[in-house]
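Colleague: Please take these sequences and the hints and turn them into a complete structure.
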Amino acid sequence: MRYLPLTPEDRTDMLAKVGVASVDDLFANVPKAKLVKGLANLPKAKGELEVERILGAFAAENISASEVPFFVGGGAYKHHVPASVDHLIQRSEFLTSYTPYQPEIAQGTLQYLFEFQTQVAMLTGMEVANASMYDGSTGTAEAVLMAHRVTKRSKAILAGNLHPHYRDTVETLSRMAGDTLVSLAPNPGDAGADLKAVAAAIDSETSCVVIQTPDVFGNLHDLTTIAKKAQDAGALLIAVVTEIVSLGALTAPGAMGADIVVAEGQSLGVGLQFGGPYVGLFAAKQKYVRQMPGRLCGETVDAEGRRGFVLTLSTREQHIRREKATSNICTNSGLMCLAFTIHMSLLGESGLRKLAAVNHANACDLTDRLADVAGVTVLNKTFFNEFAIAVEGDGAKVVEKMAKKGVLAGVPASRLWPKDKALKGVILVANTEVNTDDDRAAFVAALESSL
Amino acid sequence: MTMNNQGRPSAAGDAGTASAHPTFTGNKALQIEEPLIFEFGRPETSGVDLPEPKKVKSRLGGLARKDAIGLPGLSEPEAMRHYVRLSQKNFGIDTGLFPLGSCTMKHNARLNEKMARLPGFGDVHPLQPVSTVQGALQVIDTLAHYLKELTGMPAVAMSPKAGAHGELCGMMAIKAALEARGEGDRKVVLVPESAHGTNPATAALIGFEVRSVPANADGTVHVSDVKAALGPDVAAIMLTNPNTCGIFEKEIVEISKAIHDAGAYFYCDGANFNAIVGKARPGDLGVDAMHINLHKTFSTPHGGGGPGAGPVVLSERLAAFVPYPFVTADKAFALVEEGGQLAKGQKPFGRMSAFHGQMGMFVRALAYMLSHGADGMKQASEDAVLNANYIRASLADLMSLPFGNQPCMHEALFDDDWLKNTGVSTLDFAKAMIDEGYHPMTMYFPLVVHGAMLIEPTESESKASLDLFIATLRDLALSAKRGEVDRFKAAPYHAPRRRLDETRAARNPVLRWVKPAPYAEAAE
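Protein chains in written order, with the numbering used here: chain A, -9 to 441; chain B, 442 to 965.
Hints were generated in silico from the structure; no laboratory data involved.
Because the structure is a prediction, the values reported are computed rather than measured.
One or more of the hints may lead you astray.
[To be verified] Lysine-lysine pairs mimicking DSBU-like chemistry, simulated, CA-CA at most 35 Å apart:
{"#": "1", "chain 1": "B", "residue 1": "668", "chain 2": "A", "residue 2": "314"}
{"#": "2", "chain 1": "A", "residue 1": "27", "chain 2": "B", "residue 2": "930"}
{"#": "3", "chain 1": "A", "residue 1": "36", "chain 2": "B", "residue 2": "904"}
{"#": "4", "chain 1": "B", "residue 1": "861", "chain 2": "B", "residue 2": "930"}
{"#": "5", "chain 1": "A", "residue 1": "218", "chain 2": "A", "residue 2": "186"}
{"#": "6", "chain 1": "A", "residue 1": "218", "chain 2": "A", "residue 2": "275"}
{"#": "7", "chain 1": "B", "residue 1": "904", "chain 2": "A", "residue 2": "142"}
[Said to hold, decoys possible] Just so you have them, the derived chain A footprint on chain B, three or more residues with Cβ under 8 Å:
{"#": "8", "segment": "516 to 525"}
{"#": "9", "segment": "530 to 544"}
{"#": "10", "segment": "571 to 582"}
{"#": "11", "segment": "669 to 677"}
{"#": "12", "segment": "777 to 787"}
{"#": "13", "segment": "861 to 871"}
[Said to hold, decoys possible] A few chain A positions that, by computed beta-carbon distances, are all more than 10 Å from chain B:
{"#": "14", "residue": "170"}
{"#": "15", "residue": "247"}
{"#": "16", "residue": "366"}
Even glycine gets a Cβ: it sits at the ideal position worked out from N, Cα and C.
Modeller: What follows is the structure, given as structure tokens:
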């Protein structure tokens, strides 16, 4: 038991101090008949080496993104993370600290949260940002609830090209909360039609419209017109970004009139991790700050007048407002915020712009190569680093065949829309800075031989 | 200078000496003032080398960003120094005893970090073909098996991303079950006054009304009070066990029977499950749903506030409602997502979030479980409870216990009755602990106790560590009783910051850095 410091003698001495004969006397409130007799189906303690072997064997059964030409996106992206990011987040004082309830000895956490909030606000073109959500999808569901609070209406309209997992997350919560939701059908080919459908659905009951850009198929959207249309009807525009690197190349949602911007920050610093933990970014206009969910870090001064940081506006939160709180959330993604903010600081504006440019150029290069492949159509007119292709037949089978040839090719749309027959041949393909010319050549070769 | 029995100076040094020699930089040797990145970084600087992008025709469709973002960049050495300096202003469990009751700060083993970073776990995509992630799915399945065994429950929902998210999942399963049996009109959820704030917030979020159940003089909920609050309109009770006062609810079996007899469900807040792992199983006690904070019970690091992970175990009554996605194991491991093949009777109520949950945390928790084994987890619970009781017994003569000197579980709850007329508050006492090198305990929670101080040492502490902690608290307590108010009122003296003005932060919120106005403009 390498993690347990008490010796048998310690235990005997301590029980004597407490004044009980055995440790089970301390569990006297547990009904005797209910005390566990044994856990026969679980193994006994294992040494460090054994644990490494067991988990190492599980890990070895997976194909990792760095091993193969890798083009899988669909809301999570493979990017290169500088070594210093992981080193820094493993600093004991960051890794092993808790929520900064005692600000005098948590200035490290609080200052990085303040820097993170500022970076997120700048990047999204918004006035304020919170100290993060669990991830982009739950952040989107919270944004919808926030829009309900702001507008005192309860009907949300979700664009058809919103990531289906995000849509399902919002739908689950809305259904349970008894709110109304209008979910539109996906439209990979004609991206403009999706926004037209959203515009047509807006009415006087609408609290918000939720639009992703780049959307789940990779199409880019100018949100200016729809923002005005929503706001004229008294509704809010919630913009969703699942690939945050895109904001190094694209006009910020805030500049296009968004009221709330929700994003997945996984691309910067966090890594793929088979789906989590990720980091949800949440930014809004200043006037809505008291309706925002989640934690906020604010600047103040100490008793000697020096600048310092604290958690603030907690009167919105569950530990004070209980059933009247803005949200039930009582945590953020602290360590993932740290990873994000370090990676962002290392990039800086020039680095982020260059990273975005490399991503875009690599994706453009792949679409150019695909133009010559018979039986494959690139569906997008616009995109950042991800686009959709259509093939004859079953996209999932093509992706599976390509995997057998050593190329992880993308996300078959049937994985995200299992019931939508029209999308059966669609595959989402992402290209980032990690993809080389050779990778793209391998992609094209594997695709051609898998059709 | 007097020394205590550990050979350490027992009195604070002469603070006047240091302040008589201010430094030019404001730094104090290793305690270095660190500006914001916005104050020394430059947009044109980058600490990342990138290739030149290929020349291509842009497909951005006129949406290319035109304005400057304003983001500063740091070279790699600047970034290293900035974040290392920030880290030095933080207290963590590796720094010292972190007795934050109900938050549970125990040792974070680095083996778990190493395992989570294996490329086969850290570098796999949630949507790559299922055939290429069999090992990752097996980790989820194995962890699920452990959770079911340890709780005595037949089903588990793995995807919730934190404790409060798990609560939401459990309450959604209850709502779905009620609707499935045509009793969706049950709108009331019973919540004890002593509950975590997340409980009422969760219930309200999905349209339940909260009805309070009193906390009693012994710190527990009585079955008679539960029965009095029950009615045909009640959907569920949300009860924490062991509860937030650090006490095991001794009428738990009777309470669960009363709840079930009334046709309602029993949600157990599992925040304190770490006290009873290997000792008692919620399933045996009649619980229908319970979230498990993996970061608390199975020690995944909480990194300044997150991430957590909140899988929810479900009873037979609720097992059908496990949300998407979930893992099945037949010949190969498969992932059931929306539209996938459901077994007979399965009725997933929806999806809680994108992808499959906090995989990184799953690996860490499983590494913890394998390391401890069933025997070690039981021992850990016993040691956590013993350590808390040792603290209680060692301080009972000086500090007051709201529910008398009865055994506690993994955390010892004191109140501020003993500080009456000293001029020292719970907050002051906590700040003085900082000067002694300790993270303060949880304060002012649970709300049912005036000036609560909730101390949770966990099993990670040795007897020597506890003895020094106890000696320190005794010294502080005696000092407060002697009326040495300055030691408390102006504390902390030695932290990177003196007491911070939280009222000012809330009245005039400054939530981001803004570029200062140019000098000429500012002077106008």
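Colleague: Tell me the numbers of any earlier hints that the structure contravenes, in ascending order.
Modeller: 2, 7, 11 and 13
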